[in-house]
Amino acid sequence: MQMAASRRKSPFRIAIDGPAGAGKSTLAEALAHDLSFTHINTGVIYRALSFTLIGWVGGFKNFDLLSSLLGREDPEIYAEVERFSPEIAGDEVFLKQENVTLHLRTPEIDSVVGIIAKYPGVRKKIGELQRKLINTHSVPGVVVEGRDIGTVIIPDAELKIFLIASVHVRAQRRAQENQTNNVQEIEKEMEERDRLDRTRETSPLVQAPDAIVIDNSALSIASTIATIKAIVARRWAE
Numbered sequence: 000m001q002m003a004a005s006r007r008k009s010p011f012r013i014a015i016d017g018p019a020g021a022g023k024s025t026l027a028e029a030l031a032h033d034l035s036f037t038h039i040n041t042g043v044i045y046r047a048l049s050f051t052l053i054g055w056v057g058g059f060k061n062f063d064l065l066s067s068l069l070g071r072e073d074p075e076i077y078a079e080v081e082r083f084s085p086e087i088a089g090d091e092v093f094l095k096q097e098n099v100t101l102h103l104r105t106p107e108i109d110s111v112v113g114i115i116a117k118y119p120g121v122r123k124k125i126g127e128l129q130r131k132l133i134n135t136h137s138v139p140g141v142v143v144e145g146r147d148i149g150t151v152i153i154p155d156a157e158l159k160i161f162l163i164a165s166v167h168v169r170a171q172r173r174a175q176e177n178q179t180n181n182v183q184e185i186e187k188e189m190e191e192r193d194r195l196d197r198t199r200e201t202s203p204l205v206q207a208p209d210a211i212v213i214d215n216s217a218l219s220i221a222s223t224i225a226t227i228k229a230i231v232a233r234r235w236a237e
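Position one of the sequence shown corresponds to residue 0 (numbering that gives the first Met the number 0), numbered consecutively onward.
For the record, the hints were derived by calculation from the structure and aren't laboratory data. Owing to the predicted nature of the structure, the values given are computational and were not obtained by experimental measurement. Note that beta-carbon positions come from the ideal geometry of N, C-alpha and C, so glycine has one too. Any given hint could turn out to be false.
In the SDA-like style, the derived pairs of lysine to any residue whose C-alpha atoms are separated by at most 20 Å in a straight line are [stated by the list, open to error]:
#	residue 1	residue 2
1	K187	R199
2	K123	K187
3	K187	I220
4	K117	D73
Each pair of labels, with its calculated beta carbon distance range [unchecked claim]:
#	residue 1	residue 2	range
5	H32	D63	34 to 44 Å
6	P208	E86	29 to 39 Å
7	I220	E72	20 to 30 Å
8	P74	S216	39 to 49 Å
9	V138	E86	28 to 38 Å
10	L64	T105	35 to 45 Å
11	N98	P208	31 to 41 Å
12	E176	E75	11 to 21 Å
13	K8	E200	29 to 39 Å
14	G89	V212	40 to 50 Å
15	I220	A88	49 to 59 Å
16	V205	R71	26 to 36 Å
17	V138	V182	16 to 26 Å
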């Protein structure tokens with residue numbers, strides 16, 4: 000299903016928000032492929048910055064120091080944030096020409112990315128990078144996934160989806176992704192991540208008033224994609 004660019008004078012932007020493990024990445028990648036749109040995974044940008052900052056302080060053992068530096072807006076750590084300049088190629092992330100993608104989906108990064116992402120200075124920097132990517136790759140359309148895409152990054156998106164699933168289903172998916180059987184531990188981590196995302200002062204995870212909510216706890220990816228593609232087809236010609 001390719002959307003004819005000639006039928007629209009402006010890009011068609013799809014914002015997909017939702018909690019961790021709701022299936023945003025899988026959905027966004029497949030949907031973008033079917034529509035011949037660009038896929039932008041904003042979550043990997045936060046993960047790449049987390050990976051960078053953890054390295055800057057000497058590893059995960061010094062995470063408390065990193066959190067303290069970010070919290071008190073230490074000039075040196077925020078200079079490192081400002082220097083952060085990843086190269087994004089689909090779902091792959093390069094830092095200084097090194098592919099770091101495999102380092103970004105680890106339990107260690109899972110445990111800290113939500114904390115790092117709560118700081119206003121961090122969100123400001125990442126927001127700038129996100130908007131730059133969207134503006135660069137938005138023709139004929141773009142599928143952008145994250146937690147504040149439809150509320151903060153592109154609040155005027157042509158279509159906003161708020162994707163949800165039960166925390167148990169989300170934990171099962173993440174366990175399968177990480178090739179582990181420790182579903183209960185992942186479920187606890189996700190509940191904490193949900194709390195952090197929903198209660199942070201800057202850009203909390205909330206549903207945009209005009210977003211369409213899709214609960215895919217019991218839906219296949221194919222069914223979810225078909226539902227969204229039907230909505231896109233209707234709105235494309237508007």
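Hint-by-hint comparison with the structure:
Distance restraint check for K187 and R199: the Cα-Cα separation of roughly 18 Å lies within the 20 Å cut-off, and the hinted pair is therefore satisfied. Proximity of K123 to K187 is assessed by CA-CA distance (about 28 Å); at most 20 Å being required, the pair is judged violated. At most 20 Å may separate the alpha-carbon atoms for a hinted pair to count; K187 and I220 exceed this at roughly 25 Å. Taken as a hint, the K117 and D73 pair is honoured in the structure, with Cα atoms around 16 Å apart against an allowance of 20 Å.
The given range of 34 to 44 Å is respected by H32 and D63, whose C-beta atoms sit roughly 41 Å from each other. At roughly 35 Å, the beta-carbon separation of P208 and E86 lies within the given 29 to 39 Å, and the hint holds. The given range of 20 to 30 Å is broken by I220 and E72, whose C-beta atoms sit roughly 41 Å from each other. About 45 Å separates the C-beta atoms of P74 and S216, a value consistent with the hinted range of 39 to 49 Å.
V138 and E86 have their C-beta atoms about 20 Å apart, which leaves the hinted 28 to 38 Å range violated. Checking the proposed 35 to 45 Å range against L64 and T105 shows it is violated: the Cβ atoms sit about 20 Å from each other. Separated by about 39 Å at the C-beta atoms, N98 and P208 satisfy the suggested range of 31 to 41 Å. At roughly 35 Å, the beta carbons of E176 and E75 sit outside the given window of 11 to 21 Å.
Look at K8 against E200: about 38 Å separates their beta carbons, and that is inside 29 to 39 Å. Here the CB-CB span from G89 to V212 is close to 27 Å, at odds with the stated 40 to 50 Å. Roughly 23 Å separates the CB atoms of I220 and A88, a value that falls outside the hinted 49 to 59 Å. The given range of 26 to 36 Å is respected by V205 and R71, whose C-beta atoms sit roughly 27 Å from each other.
Between V138 and V182, the C-beta spacing of about 41 Å breaks the proposed range 16 to 26 Å.
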